[in-house]
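Student: In case you want the letters, here they are:
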Amino acid sequence: MKNFRNALLLSTLLVLALCGIAGAGESPGTNLTELTDVQKYNRAIHIMAMLLVGFGFLMVFVKQYGKSAITATYLLVSVAIPLYFFKDNCIGCGGPESIIDQLILAEFAAASLLICAGAVLGRLKMYQYPLLGALFVPCYCLNEWLVLNGGLGFVHKFVDTGGSIVIHAFGAIFGLGVAMTMTTSTEYTAAIECDDTSDRYSLLGSMVLWVFWPSFCAALVAPADVPKTAVNVILALCGSTLATYLASVKLRGKISAADIANATLAGGVAIGSVCDLAPPGGAFLIGLLAGALSTFGFAVIQAKITELTKAVDTCGVFYLHGLPGLFGGLTALFVVNGIAPGAQLTGIAITIVLAAVSGLLSGKIIALSGRRTEAYLDTEEFAEG
Amino acid sequence: MKNFRNALLLSTLLVLALCGIAGAGESPGTNLTELTDVQKYNRAIHIMAMLLVGFGFLMVFVKQYGKSAITATYLLVSVAIPLYFFKDNCIGCGGPESIIDQLILAEFAAASLLICAGAVLGRLKMYQYPLLGALFVPCYCLNEWLVLNGGLGFVHKFVDTGGSIVIHAFGAIFGLGVAMTMTTSTEYTAAIECDDTSDRYSLLGSMVLWVFWPSFCAALVAPADVPKTAVNVILALCGSTLATYLASVKLRGKISAADIANATLAGGVAIGSVCDLAPPGGAFLIGLLAGALSTFGFAVIQAKITELTKAVDTCGVFYLHGLPGLFGGLTALFVVNGIAPGAQLTGIAITIVLAAVSGLLSGKIIALSGRRTEAYLDTEEFAEG
Amino acid sequence: MKNFRNALLLSTLLVLALCGIAGAGESPGTNLTELTDVQKYNRAIHIMAMLLVGFGFLMVFVKQYGKSAITATYLLVSVAIPLYFFKDNCIGCGGPESIIDQLILAEFAAASLLICAGAVLGRLKMYQYPLLGALFVPCYCLNEWLVLNGGLGFVHKFVDTGGSIVIHAFGAIFGLGVAMTMTTSTEYTAAIECDDTSDRYSLLGSMVLWVFWPSFCAALVAPADVPKTAVNVILALCGSTLATYLASVKLRGKISAADIANATLAGGVAIGSVCDLAPPGGAFLIGLLAGALSTFGFAVIQAKITELTKAVDTCGVFYLHGLPGLFGGLTALFVVNGIAPGAQLTGIAITIVLAAVSGLLSGKIIALSGRRTEAYLDTEEFAEG
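Chains as they are written, first to last, in the numbering used here: chain S, 35 to 419; chain H, 35 to 419; chain G, 35 to 419.
Worth double-checking, as some hints may not be accurate.
The list cannot tell twin chains apart, which means a pair is met if one copy fits it or any two copies do.
[Said to hold, decoys possible] Dumping the calculated EDC-like pairs for lysine to aspartate or glutamate here, alpha-carbon to alpha-carbon at most 16 Å: (1) Lys159 / Glu414; (2) Lys159 / Asp259; (3) Lys288 / Glu414; (4) Lys159 / Glu415; (5) Lys284 / Asp259; (6) Lys288 / Glu415; (7) Lys288 / Glu418; (8) Lys284 / Glu415; (9) Lys191 / Glu418.
In short, the hints are calculated from the structure, not lab data.
Construct the complete structure from the given sequences, taking the supplied hints into account.
Tutor: Printed below as a string of structure tokens:
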């Protein structure tokens, strides 16, 4: 553990030294380009609000480890973003032309990592979160390169503007892989407790995600397409919110605050792939279906999958990001004119396989640095307030 | 209740089907227009933060129904926005030319609906909130058409940029109308309890509203007028914040956290009508007066009106949005050069009458779907955490 | 106390009357200028979110005075912003040319005031916060004029884009000066209590500050420099977040939630001076060092300084804003090409002396209006919920 911390410190020092040499590319640009970049910057800030306040507080629903959820969120973001910049500027993988596009792509990687971490929240000690980040980001970048950038020539023109597949599904499946290794039989039986205060924190995180989701999906689209994309995302979220309420009452008899905090966002997950291409009515329909699917996942499927895999998916990320993400990737087949169905299906398949394999392997590696036998409590690593 | 839920589901399906056919108008636009629309988009996101995080958490001050306040907020927004789009695109009422203006107007409708819902929070079962939304939005649109768009030729050049009258006063009076029907004698006597944690959530919602209020008022003004409008709104909010503190201590002897959470915002409500036209000093003065008026409303008038009408206005929306809204509409008579006093007064009168009548009627209709006899508790409809 | 309140009311009325006459300057501008101003407006809103939600909730970590921390935040912002406008428009000190630049500079003053107030939180009665604001803002403006605007010809070309020195260090040292007068022996021995709920509120405030910090630093930079500045600030914050975790475990044995809430932000404080000039790797390094320095301050130095000065710095602002701010101002000597070291050091020295002297004097003046002998409790001035 101590060795790992020192290694972390050294590697970050290395990152900065190299970044300092390379610097990040910048084009001088006309005035209109500059203003467009500042508008992208605004959306980058909105995404940052989602990463920290949104994902962070959504994970505070577990009473016993609220402080560690927040701290883990901070650490994961702080590992993922410099690592992604490091890849672009130092390894010479050839990143995007502008520094603001780099920032947004780095935030996408951090979002996927946070989704992944939601699956194993409470299973890792704090020093294992940076390790998880260090293992996750290279795998994420590999998948991004293969599926979005046509690496090795497998996939051309994959449709996934807002990342239903490469961000949401990848993170969720990777997380499930890690969870399968790291869940112990003791944890498996320990209940995840929440109370009224933690519930409301969780709903706060949920709302912050809902509010800024349009900026996530529209982050890199051209200015002319931003309004349409935003309206599509909002209609999809309205759809999933309504469907979640109806499905939660139908399937459980009572409303579950966890459903409301989570499945309401499924419309945002699912609309990602076609957010700039769907008609408004289609966006609303995709949201309705995604909300119902996600709630069905939480209320019905989760217990069965947990039984089957013996892996506790703490935040249920597979039912919020996994299933609705895959569903979103598939909707492109029906919504987008002139889509190449083969490429779309190949890209989805690569993502699933790569996420599962690298998640399982990463779990094995993290387990080498220590494996818990008892449920995590904040008091274990945190000083009393 | 079940029938209503099915009806809701069907009608939403209808909405999406029709919207899918119609689509939303879009103009290609020059680069500058595109950038201006993206700037409006940013303000639309700010307003969304007000709707969900702001109004949502402001209503969490009641300890017993925090989860239902948040869930209701989610549902109300998710009903209002698609309905408003439906009106613009399918019924052919002739909406604004650009999709981003439509979105902002839809958010205004949702804001007014949330204000209305604040009056009856804890009086409705969860399925009655979507019903309230379905009844509210058409009435809101009718008033908007009559007062702002010169429908039937009653009003020309009504001054209400930030919606003191058509958004705030309309929502508050409509809500009072519904509350008069839905309050039962048992509820009337039940105390509304809050605790330190719920208080702080409420103050969080209040601050989110304060922060983004300039974007609400400046949402649709021309780029050149955005800075001035923003400064006016901020000065008005500073004024009402100072006045609220002074008035709260003066009128109650001690500071009330509820006053601080609510009346501090009265400057934003009142400056709405003339936010782009007032001089900065005038804006500050309007804020001071509105804060004092609102605090006086909460501390002195509320008890008397409750006694008189036997209607419990749960969040006191009449004293935050009703009185300061009406006051703001009237300030236009003194602040705006070349105003038509007749038109301004007629518009205010139409809004009051239409809101009161349609609120009372809507209350009767909602009462048909079930009427409570006991105070609402989260546990009634929500599963244990 | 009563006299003061009346004086406050009268003086605010005076402010508005004079502002109403003077109005704020506005240039007609081309379309591109207008759009650039609206982009500045967006960053002004982000800063407002930092002031209220960020600083406000960061200070809620003390269980016994959560409501007063929020109320004080509201009052301090509402005093500082109109006062700053008053200075620009009425006294004729010659403010910036555009109203949006004025707003941002007014927000900077409010930020510095909130930092100062963090040092004396729980030592003042509520009516003393506006008084603190009224004393602080003129001193802040004097320092701004001397150091940034070359007043009296002492300093030319001081490098402090994001205010490490003139905002952070000034506020922290001024606050320490006030705290030295206002701390009584009884308070000195009273423990500052927090609990899990207040901790999480504090972490929420921290995250809001983290998220919007790039907009604080980039608020007034040219559009072309916004992306680079934003990336630098984010990398610095990533650096301080990682360093805080490592240093907190190293120095304390366990993680302190207070360190995570505070020292994670030290990178933002320290990068301020050179946020638009540092290379990305340098920004990350500055963040790492600032985070370690700040955590060392909280974990090791704070107890000693408290012992030495007998002044309780409630929020530890000297270790978050003071030390990292001074460190940031000094980094300019190593990072900026062609810097004038003499001017930089003179500016830092003026700031330290002016802040310390005016803080001590202000403390004496505030003490005249009443001095506490016992630790503050919300219940003292706030009505029961």
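Student: Hints first: check each against the structure and report whether it holds.
Tutor: Structure-based check of all given hints:
1. Lys159 / Glu414: within (9 Å within a copy, 38 Å between copies)
2. Lys159 / Asp259: For Lys159 and Asp259, the Cα distance exceeds 16 Å both inside one copy (43 Å) and across copies (40 Å).
3. Lys288 / Glu414: between (35 Å within a copy, 8 Å between copies)
4. Lys159 / Glu415: Only inside one copy: Lys159 and Glu415 sit 8 Å apart there, 37 Å across copies, limit 16 Å.
5. Lys284 / Asp259: Close neither inside one copy (37 Å) nor across copies (49 Å); limit 16 Å.
6. Lys288 / Glu415: between (36 Å within a copy, 5 Å between copies)
7. Lys288 / Glu418: Between. Shortest inter-copy distance 9 Å satisfies the 16 Å Cα cut-off; intra-copy 37 Å does not.
8. Lys284 / Glu415: between (41 Å within a copy, 12 Å between copies)
9. Lys191 / Glu418: Result: close neither inside a copy nor across copies, 53 Å intra and 46 Å inter.
Of the numbered hints listed earlier, those contradicted by the structure are 2, 5, 9.
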